[in-house]
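Generate coordinates for the entire structure from the input sequences, incorporating the hints supplied.
Residue numbers (numbering that gives the first Met the number 0), protein chains in the order written: chain A, 0 to 338; chain B, 0 to 338; chain C, 0 to 338; chain D, 0 to 338.
What the hints contain is simulated information worked out from the structure, not anything from laboratory work. Check before you lean on any hint, since a few could be wrong.
As the list makes no split between identical chains, a pair holds if one copy fits it or if it spans any two.
[To be verified] With a Cα cut of at most 25 Å, we get these calculated PhoX-like pairs of lysine-lysine:
{"hint": "1", "residue 1": "Lys-269", "residue 2": "Lys-165"}
{"hint": "2", "residue 1": "Lys-36", "residue 2": "Lys-20"}
{"hint": "3", "residue 1": "Lys-164", "residue 2": "Lys-269"}
4 protein chains.
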Amino acid sequence: MQLGMIGLGRMGANMVCRLVKADHECVVYDRTPQAVKNLQAQGAIGTFSVEDFVARLAAPRAVWLMVPAAAVDDMLATLIPLLQPGDIIIDGGNSYYRDDIRRGTEAKSKQIHYVDVGTSGGVAGLDRGYCLMVGGEKEVVQHLAPIFAALAPGIDAAPPTAGRKKPGSTAEQGYLHCGPQGAGHFVKMVHNGIEYGIMGAYAEGLNVLRNANVGKQKSDSDAETTPLRNPEFYQYELDLPEITELWRRGSVIGSWLLDLTASALLTDPKLESYAGRVSDSGEGRWTVAAAIDEAVPVPILSAALFERFSSRGEAGFSDKVLSAMRHGFGGHVEKTAKQ
Amino acid sequence: MQLGMIGLGRMGANMVCRLVKADHECVVYDRTPQAVKNLQAQGAIGTFSVEDFVARLAAPRAVWLMVPAAAVDDMLATLIPLLQPGDIIIDGGNSYYRDDIRRGTEAKSKQIHYVDVGTSGGVAGLDRGYCLMVGGEKEVVQHLAPIFAALAPGIDAAPPTAGRKKPGSTAEQGYLHCGPQGAGHFVKMVHNGIEYGIMGAYAEGLNVLRNANVGKQKSDSDAETTPLRNPEFYQYELDLPEITELWRRGSVIGSWLLDLTASALLTDPKLESYAGRVSDSGEGRWTVAAAIDEAVPVPILSAALFERFSSRGEAGFSDKVLSAMRHGFGGHVEKTAKQ
Amino acid sequence: MQLGMIGLGRMGANMVCRLVKADHECVVYDRTPQAVKNLQAQGAIGTFSVEDFVARLAAPRAVWLMVPAAAVDDMLATLIPLLQPGDIIIDGGNSYYRDDIRRGTEAKSKQIHYVDVGTSGGVAGLDRGYCLMVGGEKEVVQHLAPIFAALAPGIDAAPPTAGRKKPGSTAEQGYLHCGPQGAGHFVKMVHNGIEYGIMGAYAEGLNVLRNANVGKQKSDSDAETTPLRNPEFYQYELDLPEITELWRRGSVIGSWLLDLTASALLTDPKLESYAGRVSDSGEGRWTVAAAIDEAVPVPILSAALFERFSSRGEAGFSDKVLSAMRHGFGGHVEKTAKQ
Amino acid sequence: MQLGMIGLGRMGANMVCRLVKADHECVVYDRTPQAVKNLQAQGAIGTFSVEDFVARLAAPRAVWLMVPAAAVDDMLATLIPLLQPGDIIIDGGNSYYRDDIRRGTEAKSKQIHYVDVGTSGGVAGLDRGYCLMVGGEKEVVQHLAPIFAALAPGIDAAPPTAGRKKPGSTAEQGYLHCGPQGAGHFVKMVHNGIEYGIMGAYAEGLNVLRNANVGKQKSDSDAETTPLRNPEFYQYELDLPEITELWRRGSVIGSWLLDLTASALLTDPKLESYAGRVSDSGEGRWTVAAAIDEAVPVPILSAALFERFSSRGEAGFSDKVLSAMRHGFGGHVEKTAKQ
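Dropping the structure here:
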């Protein structure tokens, strides 16, 4: 079927390629003309204005937005006046689900359908397919099924779950209608919250392995340093690239994130090409905020979020307060950083 | 080659089956005669006393212990006097790596080799193979390579890591000599610490999804209850069995642990067959303790550990202290549990 | 000066008593007539309808609301139509500071002033005085200074801070104009967030002390139980009522919350009169939510919040997910609770 | 009575001054002669060798060690051969309680008594008195009561706990016999663990207050930055020195640590004289380790410990792992630090 795609960055462009390969007709637009031209070369129909983009789509139109969350409202303000009743807007980016609810209500007042799609898969999605978490009206979601099916990884992407017999379900294909407007991005939000936690678990564990040799280091013996009581138990020089490769086969903690970690450590065993300033793109925050509203304890997901904040220096003032208190009650003077 | 196996529980028995299938000769012993007989039927050589077990092995003997961590020292006390210089003991259970160092030193004084193997794979290992993290002397580990190779999943168990060219390494086969005595169990310990963190991340996220309908519930409006400010944002009835199945394909958080979760939710969508009292088997504790010795921050791994403690009621007294303080300063009276 | 007080619960009633003692004229109202009568006996002017209440106040009126946060909007809807331009409303309860901003804007449209006051002190405030965190217009706050001064503890409530010379400041008296509308409740919100953290720190530490005798207990020796490696180090029977009393004098951790804890443990050493279900009244949640918006890491404040959620059973489903996973990969069966 | 003091640093010297003022005879030694001379000027009997120190004490001698934890064993090796059966050694420093148990057993084999004293109070102890947590044999502790009473703050240091009638107890004086050897340092260890948690709670809360103005800042709008959704709610410029001074009077979170914080913020409102590298001196680590052995959940105490580790850069490798993963799945490139 025909799909219009607005936003041809890393994600949008790859998705168009995947759709074109599956013989869907893609009309594309991006504010950067070169991005459009690149996809024309892949078989997409390029357009260079939103007006032209809309004109090239047959009603009822299906327009997929793959733009930064902060740019969605502006794009909708441009787009909606050009659309007709019965047309469909799909927000496939990382929007906050509460915005979906608001936008869906606004679109509905103009008889335009609004579908939110949480899209996971990253740069590998071109080959592996995308995991799609969909929210919106049932009939509209069903209408878009051919698109979702082409983007999703398909049933062979994972071994079957024993005993599963749900013929009507599309979850095994890699896409799912999760509920009404916002449900797709809600599920994606939590997906990313979990992702933060899993990533942090690997990161912390690898840091413990990396420091298994602390018993070999000479430590300061002053009142500001806690001596290591049993240096004989910390004499290991562990090979992290080999261990992460090892765990990929047969261990309980095998995962795609581990595959990526093994790959990164293979080329840069000490990760010297990174500074360790870790961004967060909102979903982790929103997941914790939702958990608080729901009174659900999420010590792991919040710890993962706060680790990222701290990696960017945001704990600095807290730390100074601690040093000031220690100076106050004990006369303790801060040690300088290791050279 | 020939291997002796002591301890024919879930793990030990399956490992023997896997070895026998790979045409290794297995001499087996368990204090429960029926466990021995079961494996005789699978092609193993059964023995019914430790003496007989040792007698049936050709020197230099390779004896693999697969017994509970708490039972290893007793078994060694029985076994070592029956062995000869040059024989090899392999502890494949969940021993604390510090015990390996002690036991290895004791064994060495009798010219017996000691190898520690962290074994991951669980009940699925019979088919999937076991991920083996090995510590000990290099030559001894190499001597045992045929056994490790038969137990391990093999190179096809995971897609190749792009660019990897380490022909001498066995990590791609699923086993690895990690370092001297204790290194195998140290790596396994951290593996399990990570496992706790990953499991907790999924668990917390699923709890957030499950409570996405709190806006539909009528809540108390008293001074002891925080009202939900925006019930309209928590109106989703999410289908956890479908969502976990969905995430198995193409998402960033795909993993074997997720596969197991999807499978559990398929047969018991509300997990009513569980009480939620979560045991911990030591490695999570030891990982956090190692992190503290190394001064490595592990907020996620510790949160995962403490969640398990709390699930067993261990926070109860802390909670009472909080209630007592609240009563003291604010006259607050505890609410009773929901009926 | 004259003050009207609406809401004569624990907090409101005590505040009126304190004001009356300081020779301020208090006009009071509560929907429960008996509460009004009780304060009439203390020297307050009782009223039995909001209309009568307003009529008894001289313009410009100063009306202090001390009602549950959830009841403020309803009370304002009744009250505001009865007021005149220039009158002042003070919300002294536990409102969310974002509501202050909204309500202040609404009141301003009717030329009514709106002041938010975070009030700390609990049931002890009658004698100790109340710590007041105030937000609103500068002139209006200054107009109310006699009221704030009478409610606050006064300068003698704490030893002077060495070197402090800020004659214009009222902080030493125990009340402070923190900023524009909402600033008072923002500061109070964070105050309570800190309170949760401090309370949790004591609670956890006391739990560690209480269990210093675990080495004396016989523990199970099965694969689901981690054995205590060094029972000889956990042989202490510590006397918590005595230790908390001790810490009140000269220790670094002396505080009013510790005083309350010592008092609670004196009368109920095992805290058997509590079930350990700990409510939270919103501020802890809002503090963490604000921290997330600000990208400030708050692992302690969030841990304290989540401990409260967990104390009320909210981690139950997470825990079941963990048990289900453990069953999936290891065949582990949950242990039943200790009898 | 007579007491010998070895170790005349900040703590030891102040304690001698306090004892001399209370008319106790103090024989003092320090490896730095000037430290001895300083105390001679205060009325202590100075000695310049351990031999001379011991010779100046009357049997049964009472020798108080106030040296760094790492120096205790060396000092004992010198001291014990010079002592006689019936003499008493008191370790008043920050030793690990497990060392007390070992040292007590060794001392006992020579009929020397060993007492461990956890000493809280810091540099303020000279005036305020010291809170003393004591472990050891009952008779020996009673023999030392005059010394403990002189060092402790005394009953007037805190208001009485209502209803308390325990005439035999010394807790109200500020010292307590907590139990057998190690009990004093065990209680002090947990005291410090709690201290870390309380300090961290204040520090985090103050960081949230400090950033209440983030809505005024211009933020980046790129895919690596989460936009602040409601800048209008973060427009406050809060005065931390005033707020901490305020909270000292009448609030629920008043404490000595808050007094110190207010004092530090008074002289350095932005704490620019600190780098924020926070040391830990062992007790926080040991408290968490004890909690793990006891299966007591301590999410707050551990978060406080890990914040300190992170303040010293120890999370750096973890953070790099996260960045590497993000690059792997999403092609995300790290943002550079704010200039």
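Here's how the hints hold up against the structure:
no.	hint	verdict
1	Lys-269 with Lys-165	between (46 Å within a copy, 17 Å between copies)
2	Lys-36 with Lys-20	within (17 Å within a copy, 58 Å between copies)
3	Lys-164 with Lys-269	between (46 Å within a copy, 18 Å between copies)
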